[in-house]
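Trainee: Each protein sequence line maps, in turn, to chains A and B.
Position one of the first sequence corresponds to residue 1 (our numbering), numbered consecutively onward.
Position one of the second sequence corresponds to residue 1 (our numbering), numbered consecutively onward.
I should point out that these hints are in silico values taken from the structure, not numbers from a laboratory.
A portion of the hints provided could be inaccurate.
What the hints assert, rightly or not - Restraint ranges, calculated between C-beta atoms of paired labels, are given here:
| id | chain 1 | residue 1 | chain 2 | residue 2 | range |
| --- | --- | --- | --- | --- | --- |
| 1 | A | Q226 | B | K27 | 51 to 57 Å |
| 2 | B | N30 | A | D292 | 45 to 51 Å |
| 3 | B | K87 | A | D184 | 43 to 49 Å |
| 4 | B | K87 | A | V188 | 26 to 32 Å |
To be verified - Where chain B lies over chain A, by a calculated footprint (3+ residues, C-beta under 8 Å):
| id | region |
| --- | --- |
| 5 | 12–18 |
| 6 | 84–96 |
| 7 | 135–149 |
| 8 | 171–182 |
| 9 | 287–301 |
Model, not experiment: these values are computed from the prediction.
Quick reminder that beta carbons are idealized off the backbone N, C-alpha and C, glycines included.
2 protein chains.
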Amino acid sequence: MAKSKDNETPEKKIEDLGNSIVRDIKKGANPKFTTLARTRSNIIFDHKNGYLRLGSTKEERSFVNVSQSKRFMQTMAVAAKCHKFVKEGLHTTIRGLYYQLKFSLGEDVDENVFSEQSESNPLIEDIEVALSLKREDLNLNANRKGVLAGNMRIIDTFGNEKIEIDCTKQGRSGWAIPSDVDNDIEFVDIKAKYVIVVEKDALWQRLNEDLFWKKENAILITPQGQAARGTRRIIRKLADAGLPIYVFTDSDAWGWYIYWTIKTGSINLAYIGGDVATPEARFLGVTMSDLDKYEFLNKLTIKASEVDLKRAQEMLNYEWIKKHKEWEVELERMIKSRIKLEQDALQGPRLTFVGDYIREKIKNKEYLP
Amino acid sequence: MAKSKDNETPEKKIEDLGNSIVRDIKKGANPKFTTLARTRSNIIFDHKNGYLRLGSTKEERSFVNVSQSKRFMQTMAVAAKCHKFVKEGLHTTIRGLYYQLKFSLGEDVDENVFSEQSESNPLIEDIEVALSLKREDLNLNANRKGVLAGNMRIIDTFGNEKIEIDCTKQGRSGWAIPSDVDNDIEFVDIKAKYVIVVEKDALWQRLNEDLFWKKENAILITPQGQAARGTRRIIRKLADAGLPIYVFTDSDAWGWYIYWTIKTGSINLAYIGGDVATPEARFLGVTMSDLDKYEFLNKLTIKASEVDLKRAQEMLNYEWIKKHKEWEVELERMIKSRIKLEQDALQGPRLTFVGDYIREKIKNKEYLP
Numbered sequence: 001m002a003k004s005k006d007n008e009t010p011e012k013k014i015e016d017l018g019n020s021i022v023r024d025i026k027k028g029a030n031p032k033f034t035t036l037a038r039t040r041s042n043i044i045f046d047h048k049n050g051y052l053r054l055g056s057t058k059e060e061r062s063f064v065n066v067s068q069s070k071r072f073m074q075t076m077a078v079a080a081k082c083h084k085f086v087k088e089g090l091h092t093t094i095r096g097l098y099y100q101l102k103f104s105l106g107e108d109v110d111e112n113v114f115s116e117q118s119e120s121n122p123l124i125e126d127i128e129v130a131l132s133l134k135r136e137d138l139n140l141n142a143n144r145k146g147v148l149a150g151n152m153r154i155i156d157t158f159g160n161e162k163i164e165i166d167c168t169k170q171g172r173s174g175w176a177i178p179s180d181v182d183n184d185i186e187f188v189d190i191k192a193k194y195v196i197v198v199e200k201d202a203l204w205q206r207l208n209e210d211l212f213w214k215k216e217n218a219i220l221i222t223p224q225g226q227a228a229r230g231t232r233r234i235i236r237k238l239a240d241a242g243l244p245i246y247v248f249t250d251s252d253a254w255g256w257y258i259y260w261t262i263k264t265g266s267i268n269l270a271y272i273g274g275d276v277a278t279p280e281a282r283f284l285g286v287t288m289s290d291l292d293k294y295e296f297l298n299k300l301t302i303k304a305s306e307v308d309l310k311r312a313q314e315m316l317n318y319e320w321i322k323k324h325k326e327w328e329v330e331l332e333r334m335i336k337s338r339i340k341l342e343q344d345a346l347q348g349p350r351l352t353f354v355g356d357y358i359r360e361k362i363k364n365k366e367y368l369p
Numbered sequence: 001m002a003k004s005k006d007n008e009t010p011e012k013k014i015e016d017l018g019n020s021i022v023r024d025i026k027k028g029a030n031p032k033f034t035t036l037a038r039t040r041s042n043i044i045f046d047h048k049n050g051y052l053r054l055g056s057t058k059e060e061r062s063f064v065n066v067s068q069s070k071r072f073m074q075t076m077a078v079a080a081k082c083h084k085f086v087k088e089g090l091h092t093t094i095r096g097l098y099y100q101l102k103f104s105l106g107e108d109v110d111e112n113v114f115s116e117q118s119e120s121n122p123l124i125e126d127i128e129v130a131l132s133l134k135r136e137d138l139n140l141n142a143n144r145k146g147v148l149a150g151n152m153r154i155i156d157t158f159g160n161e162k163i164e165i166d167c168t169k170q171g172r173s174g175w176a177i178p179s180d181v182d183n184d185i186e187f188v189d190i191k192a193k194y195v196i197v198v199e200k201d202a203l204w205q206r207l208n209e210d211l212f213w214k215k216e217n218a219i220l221i222t223p224q225g226q227a228a229r230g231t232r233r234i235i236r237k238l239a240d241a242g243l244p245i246y247v248f249t250d251s252d253a254w255g256w257y258i259y260w261t262i263k264t265g266s267i268n269l270a271y272i273g274g275d276v277a278t279p280e281a282r283f284l285g286v287t288m289s290d291l292d293k294y295e296f297l298n299k300l301t302i303k304a305s306e307v308d309l310k311r312a313q314e315m316l317n318y319e320w321i322k323k324h325k326e327w328e329v330e331l332e333r334m335i336k337s338r339i340k341l342e343q344d345a346l347q348g349p350r351l352t353f354v355g356d357y358i359r360e361k362i363k364n365k366e367y368l369p
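Take these sequences, add in the hints, and give me the full structure.
Mentor: Below, the structure written as structure tokens:
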């Protein structure tokens, strides 16, 4: 059973919410509940801690309010379903939840209480925020993506068994990172010394075949593109365990976006900001300045797209970037030269060069903040 | 080391190709090599065997031919690189190969021998076809996707170790299906009785949590959408091992496409047709006729999109469909009612209903051809 930071189970938290509503009704008071606003104006970049999070603007959902009563009722229905899932010990997705809502609410009331999933999704976030939980704690799995190998073990309590997974014994496949890396799962014997996050699965496979994680005593992760919640969360947890985090992506708009999302979180997950952001992460490459150091890369560049150039220009205006000259130099160089560079290009001279590149960058502390 | 059907290693096959070219040159003959045409007109549906494959139209690539000599030279460069990868025992992707070509050919010749990856990709297929190999045999990994659980073991020879993976002990994650499921990997102790392929990872996770594969003694696979080469290939291999294959998708254009691709292969992989098609596969659901059997589904339908309707109309013209009244009924029903149905909707009454649905369908042999 999951326990949140405040040491209460999700089951108990939902019950407390329900009980407070019932108390209000019995008292003849207007039942309501409070969450934090997830509007743009309440999403702030926390400069001290280095990630996107919600500000303190509260929103109240009240039952006795014509414009809110339907939404209030829907929220209670979502909470009741999640309570059931947690009690049953069964998981589904936000789509599965939506179908359950449609199924059972259609029976008691004439009106179609939920006609689109876009109605139930924000209510889940309301509850996550109001109860200081993540949806995974409510037995709602998110899309999963991402793979891991390295010197650590996982104890996955699954189907009433304690399944032990040795992340040095996953062969060509690696361990597929699940949606929920907090509940009924433990990461033990983390003997690796650092974490390297590789944007592309192709490069992860290349490094895995070279047993890079073994030779370097590292945890080798790929988010397989943009990082899913589970992958962002496990990176956070490994940073909490004291491991330095290095991120290795293409030198283009998409690669930078992947890095910034891992590091500072994202607007749509600002409501669980600190749990899925890793401000300690460093950017290892590839960089535009690699073109000076590795001569051969100059014939392996690609034309930057309009999206790349536009994004680079936008990034130059970020307050955070302005503080870091190294990033300004990178961005300006791309804009001026109109070329970009893929991590795959490091395979040019020989397939095993990719690992040597990473090794040297880390050894020489050649990374960006 | 990989061995193909004709019991020769890829390394030897490439060497034989190279030697024959050298012989031609020494003789003063025009060096050439022969492959099968991959043009639309040479892609045929093999009615006897039930899958898409190439016909017998041959294409000759000749060196002493102004329009072909560059391509001929490029093909030899691709073959030489693959030979090196196989000899080194190292893998990359077609993108990694492209960068190697760009790197080393740029050194010896002035001209940019490869300026786009779209130039090297078809040459890889030429070689696959000419040598009766798959690119995985040439140490070129394709994108991977797909997850598996169930009563079987995998012996993955990886990093000079024999890694043993018990597919009943993969917990919430499952075993991530790699690109290459043929070379240096074995599937042993397949004790499961059938294979169920579930379109969506979300539903796979649902069934995995219910230990469906254990209770039913099945192999539970999700391609995570459209099936990648590795997933198509492992389904083929499990069918070869004598297991019936059931496919479970949404009742919509995309779901049907996923099914047909698993069953009959696809146009772009027609050149390795029989290796990645499983004509024995059966379609379990969801079906439009489920609406009659499961009353509750009627309130969980979705509006069909224009793409769904157009695709359904096209399918009605397929020769194969015309032979199967059951499919005609399905397609016509969607076109007439303009609604579709997702597999997720089966979670409406209770989360565990999904497994009961599959069980009952198989028990009653309610599947489409």
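Trainee: All hints are to be evaluated individually against the structure, with a verdict given for each.
Mentor: Here is what the structure says about each hint:
At about 56 Å, the CB distance of Q226 (chain A) to K27 (chain B) agrees with the hint of 51 to 57 Å. At roughly 46 Å, the beta-carbon separation of N30 (chain B) and D292 (chain A) lies within the given 45 to 51 Å, and the hint holds. A C-beta distance of roughly 46 Å is found between K87 (chain B) and D184 (chain A), which places it inside the suggested range of 43 to 49 Å. At about 40 Å, the CB distance of K87 (chain B) to V188 (chain A) disagrees with the hint of 26 to 32 Å.
Beta-carbon proximity to chain B at under 8 Å applies to 0 residues in the region 12–18 of chain A; the threshold of 3 is not reached and the given coverage is violated. Counting residues of the region 84–96 of chain A whose CB lies closer than 8 Å to any CB of chain B gives 8, so the stated coverage by that chain holds, three being the minimum. Figure legend: the region 135–149 of chain A, annotated as covered by chain B; annotation consistent (4 residues with Cβ-Cβ distances under 8 Å, at least 3 required). For the region 171–182 of chain A, the proposed coverage by chain B is satisfied: 10 residues have a C-beta within less than 8 Å of a C-beta in that chain, meeting the threshold of three.
For the region 287–301 of chain A, the assignment as covered by chain B holds, since 3 residues bring a beta-carbon within under 8 Å of that chain's beta-carbons and 3 suffice.
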